[in-house]
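Kindly produce the complete structure, drawing on both the sequences and the hints.
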Amino acid sequence: MNDVYITSDPLDSDACTKAVTFADAGGLVVFVGNVRNITKGKTVKHLVFEAYEKMALKEMAKIIDEAVLKWGLKKMVIHHRTGLVQVGESAVVIACSSAHRKAAFDACEYAIDKLKETVPIWKKEFFEDGEVWVSAHP
Amino acid sequence: MKIEIIAYGIAKDIINGPSLSMDIVEALDVGTVRKILLSNYPALKGLASLQLAVNEEYVSDDFVLKENDEVVIIPPVSGG
Numbered sequence: 001m002n003d004v005y006i007t008s009d010p011l012d013s014d015a016c017t018k019a020v021t022f023a024d025a026g027g028l029v030v031f032v033g034n035v036r037n038i039t040k041g042k043t044v045k046h047l048v049f050e051a052y053e054k055m056a057l058k059e060m061a062k063i064i065d066e067a068v069l070k071w072g073l074k075k076m077v078i079h080h081r082t083g084l085v086q087v088g089e090s091a092v093v094i095a096c097s098s099a100h101r102k103a104a105f106d107a108c109e110y111a112i113d114k115l116k117e118t119v120p121i122w123k124k125e126f127f128e129d130g131e132v133w134v135s136a137h138p
Numbered sequence: 139m140k141i142e143i144i145a146y147g148i149a150k151d152i153i154n155g156p157s158l159s160m161d162i163v164e165a166l167d168v169g170t171v172r173k174i175l176l177s178n179y180p181a182l183k184g185l186a187s188l189q190l191a192v193n194e195e196y197v198s199d200d201f202v203l204k205e206n207d208e209v210v211i212i213p214p215v216s217g218g
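So the protein lines, in turn, are chains C and R.
The first sequence begins at 1 in the numbering used here and counts up by one.
The second sequence begins at 139 in the numbering used here and counts up by one.
Hints should not be assumed to be uniformly reliable.
Derived DSBU-like pairs (lysine-lysine); straight-line CA-CA distance at most 35 Å [unchecked claim]:
id : chain 1 : residue 1 : chain 2 : residue 2
1  : C       : Lys-116   : C       : Lys-74
2  : R       : Lys-173   : C       : Lys-54
3  : C       : Lys-114   : R       : Lys-173
4  : C       : Lys-58    : R       : Lys-183
No lab work stands behind these hints: they were computed from the structure.
The structure presented is a predicted model; accordingly, all values stated were derived computationally and were not measured.
Structural data, given as structure tokens:
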């Protein structure tokens, strides 16, 4: 499996978990970002994600390199969904492992925060009465 | 020289399509291209941020463009 992966198919968090499982890694953290049914009190129908895929994969790989170096991880994988994603489905999966749990917790949180800042992927929320590109305006 | 500028997300809606071509002088910097874009498409000014990427990397305003560079408008990202 690829460490960084962008797909319009459903994500497989079990496969991501297996990919970072090692005998000498005692701490394994998996973050799964799911599509919520409500935003600021409004019912969400579904989301559509668009990616500048070549650059997004590069930026995701940079996050992994930084995290592995900084926290001495065994391994990290980041998978992101594109296209139409239904409520309850996963938009992103980040899995990582390290000898002890703290490094894995901290690295996983860093990775999702950084992904939201630097990876060129855009999310459009569809409501009953319209649609909006998330975070586009201040 | 002519450059092709690709847009994603809300920037695609604002420029009314997935890309535009711009005739620029040789050795123009990215900051000037940004100014031209903001002036031609004022709605871009309303965005929370507007970055430009060249050949799949974020670049600063003093980055100088050459022929066949892949220039992409990056509106505020919202992955995850």
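- [ ] Compare the distance between the alpha carbons of C:Lys-114 and R:Lys-173 with 35 Å, and conclude whether the hinted pair is satisfied.
- [x] Status holds; Cα separation ~28 Å.
Open item on the list: Given the hinted pair R:Lys-173 and C:Lys-54, is their Cα-Cα distance within 35 Å?
Closed with: holds, 26 Å
Open item on the list: For a C-alpha distance cap of 35 Å, please report whether C:Lys-116 and C:Lys-74 respect it.
Closed with: holds, 23 Å
TODO: Would you check the hint for C:Lys-58 and R:Lys-183, treating anything up to 35 Å between C-alpha atoms as holding?
DONE: holds, 28 Å
Violated hints for the displayed structure: none, as all numbered hints are satisfied.
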